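Protein chains in written order, with my numbering: chain Y, 4 to 388; chain D, 158 to 407.
Note that these hints are calculated values from the structure, not bench results. Some hints here could point you the wrong way.
Straight line, CA to CA, 16 Å or less: simulated EDC-like cross-link-like pairs of lysine to aspartate or glutamate [unchecked claim]:
1) Y:K8 - D:E265
2) D:K379 - D:E166
3) Y:K12 - D:E265
4) D:K379 - D:D231
5) Y:K76 - Y:D206
6) Y:K135 - Y:D98
7) Y:K12 - D:E299
Beta-carbon label-pair distances, calculated as ranges [stated by the list, open to error]:
8) D:Y301 - Y:L19: 25 to 33 Å
9) Y:E349 - D:G295: 27 to 35 Å
10) Y:Y5 - D:R337: 44 to 52 Å
11) D:K349 - Y:N279: 41 to 49 Å
12) D:F354 - Y:F327: 57 to 65 Å
13) D:P259 - Y:T255: 49 to 57 Å
14) Y:R379 - D:T274: 47 to 55 Å
15) Y:Y5 - D:K242: 17 to 25 Å
As the structure is a computational prediction, the values presented were derived from the model and not from experiment. Quick reminder that beta carbons are idealized off the backbone N, C-alpha and C, glycines included.
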Amino acid sequence: MYTLKLIFKNAFRHKLRTCLTILSVAVAILSFGLLRTVVRAWYVGVEASSASRLVTRNSISLVFPLPLSYREKIRQVTGVKQVSHGNWFGGIYIDEKNFFPSFAMEPKTLLELYPEYVLPPDQKAAFLRDRKACVAGLKTARKYGWKIGDTITLKGTIFPGNWEFVLRGIYKGSNKNIDETQFFFHWDYMNETMKKIIPRRADQVGFYMIELKDPDTAAEVSLAIDGTFKNSLAETLTETEKAFQMSFVSMTEAIVVAIQLVSFVVIIIIFAVSANTMAMTARERLGEYAVFKTLGFSGWHIGAMIFGESIFITMLGCAAGIIFTFPAAKAFGSAMSTFIPVFNIETKTIYMDIAAALIVGIAAAVFPAYRAINIRIADGLRRIG
Amino acid sequence: MPEKAPIVEIRNLFKSYQRGSQTIPVLQDIDLDIAEGEFLALMGPSGSGKTTLLNLIAGIDRADSGIMRIGGIDITPLSETDLAKWRAANVGFIFQFYNLIPVLTAYENVELPLLLTGLSKKERREHVETALRLVNLGDRMEHYPTQLSGGQQQRVAIARAVVPDPSIIVADEPTGDLDRVSAFEILDLMEKLVHEFGKTIIMVTHDPRAAQEAHVVRNLEKGVLTEERGPGSGGKGQGREDFGFRTPAP
Numbered sequence: 004m005y006t007l008k009l010i011f012k013n014a015f016r017h018k019l020r021t022c023l024t025i026l027s028v029a030v031a032i033l034s035f036g037l038l039r040t041v042v043r044a045w046y047v048g049v050e051a052s053s054a055s056r057l058v059t060r061n062s063i064s065l066v067f068p069l070p071l072s073y074r075e076k077i078r079q080v081t082g083v084k085q086v087s088h089g090n091w092f093g094g095i096y097i098d099e100k101n102f103f104p105s106f107a108m109e110p111k112t113l114l115e116l117y118p119e120y121v122l123p124p125d126q127k128a129a130f131l132r133d134r135k136a137c138v139a140g141l142k143t144a145r146k147y148g149w150k151i152g153d154t155i156t157l158k159g160t161i162f163p164g165n166w167e168f169v170l171r172g173i174y175k176g177s178n179k180n181i182d183e184t185q186f187f188f189h190w191d192y193m194n195e196t197m198k199k200i201i202p203r204r205a206d207q208v209g210f211y212m213i214e215l216k217d218p219d220t221a222a223e224v225s226l227a228i229d230g231t232f233k234n235s236l237a238e239t240l241t242e243t244e245k246a247f248q249m250s251f252v253s254m255t256e257a258i259v260v261a262i263q264l265v266s267f268v269v270i271i272i273i274f275a276v277s278a279n280t281m282a283m284t285a286r287e288r289l290g291e292y293a294v295f296k297t298l299g300f301s302g303w304h305i306g307a308m309i310f311g312e313s314i315f316i317t318m319l320g321c322a323a324g325i326i327f328t329f330p331a332a333k334a335f336g337s338a339m340s341t342f343i344p345v346f347n348i349e350t351k352t353i354y355m356d357i358a359a360a361l362i363v364g365i366a367a368a369v370f371p372a373y374r375a376i377n378i379r380i381a382d383g384l385r386r387i388g
Numbered sequence: 158m159p160e161k162a163p164i165v166e167i168r169n170l171f172k173s174y175q176r177g178s179q180t181i182p183v184l185q186d187i188d189l190d191i192a193e194g195e196f197l198a199l200m201g202p203s204g205s206g207k208t209t210l211l212n213l214i215a216g217i218d219r220a221d222s223g224i225m226r227i228g229g230i231d232i233t234p235l236s237e238t239d240l241a242k243w244r245a246a247n248v249g250f251i252f253q254f255y256n257l258i259p260v261l262t263a264y265e266n267v268e269l270p271l272l273l274t275g276l277s278k279k280e281r282r283e284h285v286e287t288a289l290r291l292v293n294l295g296d297r298m299e300h301y302p303t304q305l306s307g308g309q310q311q312r313v314a315i316a317r318a319v320v321p322d323p324s325i326i327v328a329d330e331p332t333g334d335l336d337r338v339s340a341f342e343i344l345d346l347m348e349k350l351v352h353e354f355g356k357t358i359i360m361v362t363h364d365p366r367a368a369q370e371a372h373v374v375r376n377l378e379k380g381v382l383t384e385e386r387g388p389g390s391g392g393k394g395q396g397r398e399d400f401g402f403r404t405p406a407p
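Please build the complete structure, drawing on both the sequences and the hints.
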């Protein structure tokens, strides 16, 4: 109890220095938390993937389409429960900066395959009924102030022309990791239009989504699907949804690695700041530690005081950093929602913050504590006066 | 002084310091007996080894060779841990610059040595209050060192030294940083500790007039004890008007 009291009093002996150290640690923990969340956000699509879903695409590249006729053949493969299909639409809403992912999808099977997109029953029915209907995620709808019944016009980049849709539903994610920025509309609507304006591009599908009867059969079913279209004009590549999502992450892996490195550099910086503070503190108090030793206090007591003070300061900074991470993440997430649709601070990130601060607190005290514990009393006392 | 069993027995004590490749002898073949209840002053010029000898007696430094029996215990073979425990139980320290912990109040500073004992909080309080009243600081318990004068700080340091009831008190230039009036108060207190409480005090000073308060004065010259003066050489109050203590600032 007495040691705790002493730690507290010692920690605020140099108020300005301690406050600046706490501020540095807080800023570093905040940065660390945000960077770790960015890294995690990169993988959120992978984490949200279902083990019971496969994605089939053209084996050459996702850019090349597959014939619509494959749908029935895929459906007949043993182990396949449900098949949906769609195309990346890539439409522009008013201006290019207003980006959100837009897809032409077969609506009924989409909603069956993705129960995590939660739509109220009336909106779901309205979406399925109307050929020009679309649904948008809650975040996108909020961002642009859309309401049910609004007409939304997207300018096609891959599929030319201005495309008009009526907003019939706004979906929410069943959990916080679900992307609520997407925009879906009827694939048939797009296909029929394409038949009229560019007939050669009609009946072409960007990808198939497949629901498995049993997730354990993913490998066999994938092989069976790809085997079905082997030596055809459009060979397929079937993989789990997780692997499919991962292929997008892999394209930008260098960025993720860089962010991870920076997050660890931040920890090294707080270590340097804290170690500097503790080194100065211990050097100034070597005489006092000698007095403690003179009075009969052991090296353990001295060590406890130094380690305690170091951990106390870094944990205060950590607490402040964590507190400010939440509003900062909210602001960051909303500013970056176009690129990072899901930006939530995970409990694991908070634990990492605490662990990092604790490790830094301990590491920063090692050398000063070693020095204070091992100083000869006579040498320590000589420093006073 | 009546003959008493020596509480400090030192025989053939040698101590040297290493400076680079050079060995500098500090204490050479010291023999010293200090009787229980004696007030001994160690004198000598700077660098004569006074503080080193005091540190050795107090168990905060180690001799190169020799025997040091303090209170019947040979402290030379004790480990650091045992020596720390022995110090806590047997030796009280008074320093020139008081060495109080600035973030602790007078009460908390005096309580420090008692934290190593098995005393309850209530018992500690009784001891601390008694010690602070002894040095006439019963009304300054909650004051921090910076809120006290130099003399008051030294009195807190004396209370801290006596609170675990040690048999020996070592004082290194206890009046060296004090004005004349405060120095007298401190010397009076130390005499009180000897006469009323039977403590043995070993005081290092370079001021011969301060040493006149002691029963016995020993001189150190270049690491060798050279002379002994008995109680007749000094005495309470003698020569106080000539002390070389700092006078208070106007």
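Status of the hints after comparison with the structure:
no. : hint                        : result
1   : Y:K8 - D:E265               : holds, 11 Å
2   : D:K379 - D:E166             : violated, 21 Å
3   : Y:K12 - D:E265              : holds, 12 Å
4   : D:K379 - D:D231             : violated, 25 Å
5   : Y:K76 - Y:D206              : holds, 15 Å
6   : Y:K135 - Y:D98              : violated, 22 Å
7   : Y:K12 - D:E299              : holds, 15 Å
8   : D:Y301 - Y:L19: 25 to 33 Å  : violated, 19 Å
9   : Y:E349 - D:G295: 27 to 35 Å : violated, 58 Å
10  : Y:Y5 - D:R337: 44 to 52 Å   : violated, 37 Å
11  : D:K349 - Y:N279: 41 to 49 Å : holds, 48 Å
12  : D:F354 - Y:F327: 57 to 65 Å : holds, 58 Å
13  : D:P259 - Y:T255: 49 to 57 Å : holds, 55 Å
14  : Y:R379 - D:T274: 47 to 55 Å : violated, 25 Å
15  : Y:Y5 - D:K242: 17 to 25 Å   : holds, 18 Å
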